[in-house]
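Take 5 as the starting number for the sequence shown in my numbering and just add one per residue.
Any given hint could turn out to be false.
To be verified - Calculated cross-link-like contacts (lysine-lysine; reagent style BS3-like; alpha-carbon spacing at most 27 Å):
no. : residue 1 : residue 2
1   : Lys104    : Lys116
2   : Lys130    : Lys56
3   : Lys75     : Lys130
4   : Lys104    : Lys75
5   : Lys75     : Lys90
6   : Lys40     : Lys116
7   : Lys63     : Lys130
8   : Lys79     : Lys90
9   : Lys79     : Lys107
10  : Lys130    : Lys90
As the list claims (entries may be wrong) - Label pairs and their in silico Cβ distance ranges:
no. : residue 1 : residue 2 : range
11  : Thr66     : Leu88     : 22 to 28 Å
12  : Lys79     : Ser123    : 38 to 44 Å
13  : Ile52     : Asn15     : 22 to 28 Å
14  : Met51     : Phe94     : 25 to 31 Å
15  : Leu111    : Tyr53     : 17 to 23 Å
16  : Ser123    : Arg65     : 17 to 23 Å
17  : Ile82     : Lys107    : 28 to 34 Å
18  : Val131    : Ile44     : 32 to 38 Å
Hints are computed from structural coordinates only; laboratory data are not their basis.
We put the CB at the ideal spot given by N, CA and C, even for glycine.
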Amino acid sequence: MQGIFRCITMNYKLELNVQPNGTKTIFNLITFDTFKINIIDRFRGNMIYRPKLIETILKVRTLDNQLINTKSGNKRVILKDLDLEKYRRFISTLNSHEYKTKKINQLDQNEKYVNFMISLVLSNYKVN
5 MQGIFRCITM NYKLELNVQP NGTKTIFNLI TFDTFKINII DRFRGNMIYR
55 PKLIETILKV RTLDNQLINT KSGNKRVILK DLDLEKYRRF ISTLNSHEYK
105 TKKINQLDQN EKYVNFMISL VLSNYKVN
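Modelling step: build the complete structure from the supplied sequences, incorporating the hints.
This is the structure we're talking about:
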């Protein structure tokens, strides 16, 4: 799913579920005017019937693909504990039948997801 939306006062493009066929890895991408957030989800189990999210990795890049360091000097953040649980709930909603059939407000759900991701970036990365 792709789309261009507004978040707070920032424009962004959200690309969800970019997945090569037959893999247990899904890529999500949020592109802003000056940077982008790569989200890598790794799953266990059957990808058709109840896959289980086991790991989510965030990487922040400039638009020319230069990785931005975290506050601790790493290039990536692995979601754990409460952050991972919150992320699982967002992904569950974005993959739900209600979301896909527009029974719930997609724009609202997209903005909540993007705002959550921005909060993770702000708390973990060196941003100017």
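Now the hints, each set against the structure:
In summary, the hint linking Lys104 to Lys116 is supported, as the alpha carbons are separated by about 16 Å, within the 27 Å threshold. Taken as a hint, the Lys130 and Lys56 pair is broken in the structure, with Cα atoms around 31 Å apart against an allowance of 27 Å. Restraint check: the Cα-Cα separation between Lys75 and Lys130 comes to about 5 Å, which is no more than 27 Å; the hinted pair holds. This hinted pair does not check out: Lys104 and Lys75 have alpha carbons roughly 36 Å apart, beyond 27 Å.
For the suggested pair Lys75 and Lys90, the alpha carbons sit about 22 Å apart, so the restraint of at most 27 Å is met. For the hint linking Lys40 to Lys116, the alpha-carbon distance of about 17 Å falls within 27 Å, and the restraint holds. Distance check on the hinted pair: Lys63 and Lys130 sit about 12 Å apart at the alpha-carbon level, within 27 Å; holds. Pair hint Lys79 plus Lys90 holds up; C-alpha atoms about 22 Å apart against a cutoff of 27 Å.
Of the pairs offered as hints, the one joining Lys79 and Lys107 is violated, with about 38 Å between alpha carbons and a cut-off of 27 Å exceeded. A hinted pair counts as satisfied when its Cα atoms are at most 27 Å apart, and Lys130 with Lys90 qualifies at roughly 23 Å. Evaluation of the 22 to 28 Å hint for Thr66 and Leu88 yields a pass: the beta carbon distance comes to about 26 Å. Look at Lys79 against Ser123: about 20 Å separates their beta carbons, and that is not inside 38 to 44 Å.
Checked against the given bound of 22 to 28 Å, the beta carbons of Ile52 and Asn15, roughly 35 Å apart, lie outside it. For Met51 and Phe94, the Cβ-Cβ distance of about 19 Å falls outside the hinted range of 25 to 31 Å, so the restraint is violated. Range check, Leu111 to Tyr53: about 30 Å between beta-carbon atoms, so the 17 to 23 Å window is missed. For the hinted restraint 17 to 23 Å between Ser123 and Arg65, the CB-CB distance of approximately 18 Å keeps it satisfied.
For the pair Ile82 and Lys107, the beta carbons lie near 33 Å from each other, so the given range of 28 to 34 Å is met. The supplied range of 32 to 38 Å is broken by Val131 and Ile44, whose beta-carbon atoms lie about 20 Å from each other.
Checked against the numbered hints above, the structure violates hints 2, 4, 9, 12, 13, 14, 15 and 18; every other hint is satisfied.
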